[in-house]
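Number of protein chains: 2
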Amino acid sequence: MADNNSVLIGRKPVMNYVLACISLFHGGASEVLVKARGRAISRAVDVAEVTRRRFMPDVKVKEIGIGTDQLAPTEGHDTPSNVSTIEITLAK
Amino acid sequence: MADNNSVLIGRKPVMNYVLACISLFHGGASEVLVKARGRAISRAVDVAEVTRRRFMPDVKVKEIGIGTDQLAPTEGHDTPSNVSTIEITLAK
Numbered sequence: 000m001a002d003n004n005s006v007l008i009g010r011k012p013v014m015n016y017v018l019a020c021i022s023l024f025h026g027g028a029s030e031v032l033v034k035a036r037g038r039a040i041s042r043a044v045d046v047a048e049v050t051r052r053r054f055m056p057d058v059k060v061k062e063i064g065i066g067t068d069q070l071a072p073t074e075g076h077d078t079p080s081n082v083s084t085i086e087i088t089l090a091k
Numbered sequence: 000m001a002d003n004n005s006v007l008i009g010r011k012p013v014m015n016y017v018l019a020c021i022s023l024f025h026g027g028a029s030e031v032l033v034k035a036r037g038r039a040i041s042r043a044v045d046v047a048e049v050t051r052r053r054f055m056p057d058v059k060v061k062e063i064g065i066g067t068d069q070l071a072p073t074e075g076h077d078t079p080s081n082v083s084t085i086e087i088t089l090a091k
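First to last, the sequence lines map onto chains A and B. Numbering follows numbering that gives the first Met the number 0, with no gaps: position 8 of the first sequence is 7. Numbering follows numbering that gives the first Met the number 0, with no gaps: position 82 of the second sequence is 81.
You may find that some hints are simply not true.
[As the list claims (entries may be wrong)] Not close to chain B: a few residues of chain A, all C-beta gaps over 10 Å, as computed:
(1) Leu23
(2) Phe54
(3) Met55
(4) Asp57
(5) Gly64
(6) Ala90
[What the hints assert, rightly or not] Chain A side only, calculated, beta carbon under 8 Å to chain B, not exhaustive:
(7) Gly37
(8) Arg38
(9) Ile40
(10) Ser41
(11) Asp45
(12) Ala47
(13) Glu48
(14) Arg52
(15) Val60
(16) Ile63
(17) Ile65
(18) Thr67
(19) Leu70
(20) Ile85
[As the list claims (entries may be wrong)] Computed list of lysine to aspartate or glutamate pairs in EDC-like fashion (alpha-carbon distance at most 20 Å, straight line):
(21) B/Lys61 / A/Glu62
(22) B/Lys59 / A/Glu62
(23) A/Lys59 / B/Asp68
(24) B/Lys34 / A/Glu62
(25) B/Lys59 / A/Glu86
(26) A/Lys34 / B/Glu62
(27) A/Lys59 / B/Glu86
(28) A/Lys61 / B/Glu62
(29) A/Lys59 / B/Glu74
(30) B/Lys34 / B/Glu62
(31) A/Lys61 / B/Glu86
(32) A/Lys34 / B/Glu74
(33) B/Lys61 / A/Glu86
Hints are computed from structural coordinates only; laboratory data are not their basis. Note that beta-carbon positions come from the ideal geometry of N, C-alpha and C, so glycine has one too.
Working from the sequences, and respecting the hints, build out all of it.
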């Protein structure tokens, strides 16, 4: 799947990302990858659920993967720290 | 799977729930279900990742499900509100 079918979840309201998903599907995408790290993971699940339950009932959760990214040491943090990740594949 | 093989994620530190998962596996469980709602979803992913990466490398993520629970109306909230859920099945 091309990277331009991904929606990276940040700190904006859930509905912004829901609209991004809907736009990708309406633009012809058959799959949309909803990605998030750390605290945004909860919001990624909200985005997937709102997209398919409220707006696109024909969209299914095809696959969910979780993982861990290691963040490089930064000033004030000598040791690398880990952050959890999620990738939710929505498909029509 | 019996309900006593479930770990419901709340607001305690991640390591508390990791220890709960490890205890269940050491007590003979072949599967442990990590469940969370709302903002605790991010922490549930942390618990799954820390359990298998740092402590129990033989444990795999067998299945991940997401869903929506409808909360009953309460004082100050006339309409029912929705909350996202996650269930992560860890298996040895």
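Hint by hint, here is what the structure shows:
{"no.": "1", "hint": "Leu23", "verdict": "holds (19 Å)"}
{"no.": "2", "hint": "Phe54", "verdict": "holds (13 Å)"}
{"no.": "3", "hint": "Met55", "verdict": "holds (14 Å)"}
{"no.": "4", "hint": "Asp57", "verdict": "holds (17 Å)"}
{"no.": "5", "hint": "Gly64", "verdict": "violated (8 Å)"}
{"no.": "6", "hint": "Ala90", "verdict": "holds (14 Å)"}
{"no.": "7", "hint": "Gly37", "verdict": "holds (6 Å)"}
{"no.": "8", "hint": "Arg38", "verdict": "holds (5 Å)"}
{"no.": "9", "hint": "Ile40", "verdict": "holds (4 Å)"}
{"no.": "10", "hint": "Ser41", "verdict": "holds (4 Å)"}
{"no.": "11", "hint": "Asp45", "verdict": "holds (5 Å)"}
{"no.": "12", "hint": "Ala47", "verdict": "holds (6 Å)"}
{"no.": "13", "hint": "Glu48", "verdict": "holds (5 Å)"}
{"no.": "14", "hint": "Arg52", "verdict": "holds (6 Å)"}
{"no.": "15", "hint": "Val60", "verdict": "holds (6 Å)"}
{"no.": "16", "hint": "Ile63", "verdict": "holds (4 Å)"}
{"no.": "17", "hint": "Ile65", "verdict": "holds (5 Å)"}
{"no.": "18", "hint": "Thr67", "verdict": "holds (5 Å)"}
{"no.": "19", "hint": "Leu70", "verdict": "violated (14 Å)"}
{"no.": "20", "hint": "Ile85", "verdict": "holds (6 Å)"}
{"no.": "21", "hint": "B/Lys61 / A/Glu62", "verdict": "holds (12 Å)"}
{"no.": "22", "hint": "B/Lys59 / A/Glu62", "verdict": "holds (16 Å)"}
{"no.": "23", "hint": "A/Lys59 / B/Asp68", "verdict": "holds (17 Å)"}
{"no.": "24", "hint": "B/Lys34 / A/Glu62", "verdict": "holds (18 Å)"}
{"no.": "25", "hint": "B/Lys59 / A/Glu86", "verdict": "holds (17 Å)"}
{"no.": "26", "hint": "A/Lys34 / B/Glu62", "verdict": "holds (18 Å)"}
{"no.": "27", "hint": "A/Lys59 / B/Glu86", "verdict": "holds (17 Å)"}
{"no.": "28", "hint": "A/Lys61 / B/Glu62", "verdict": "holds (12 Å)"}
{"no.": "29", "hint": "A/Lys59 / B/Glu74", "verdict": "violated (34 Å)"}
{"no.": "30", "hint": "B/Lys34 / B/Glu62", "verdict": "holds (12 Å)"}
{"no.": "31", "hint": "A/Lys61 / B/Glu86", "verdict": "holds (15 Å)"}
{"no.": "32", "hint": "A/Lys34 / B/Glu74", "verdict": "violated (35 Å)"}
{"no.": "33", "hint": "B/Lys61 / A/Glu86", "verdict": "holds (15 Å)"}
Figure legend: structure checked against the earlier numbered hints; hints not met, in rising order: 5, 19, 29 and 32.
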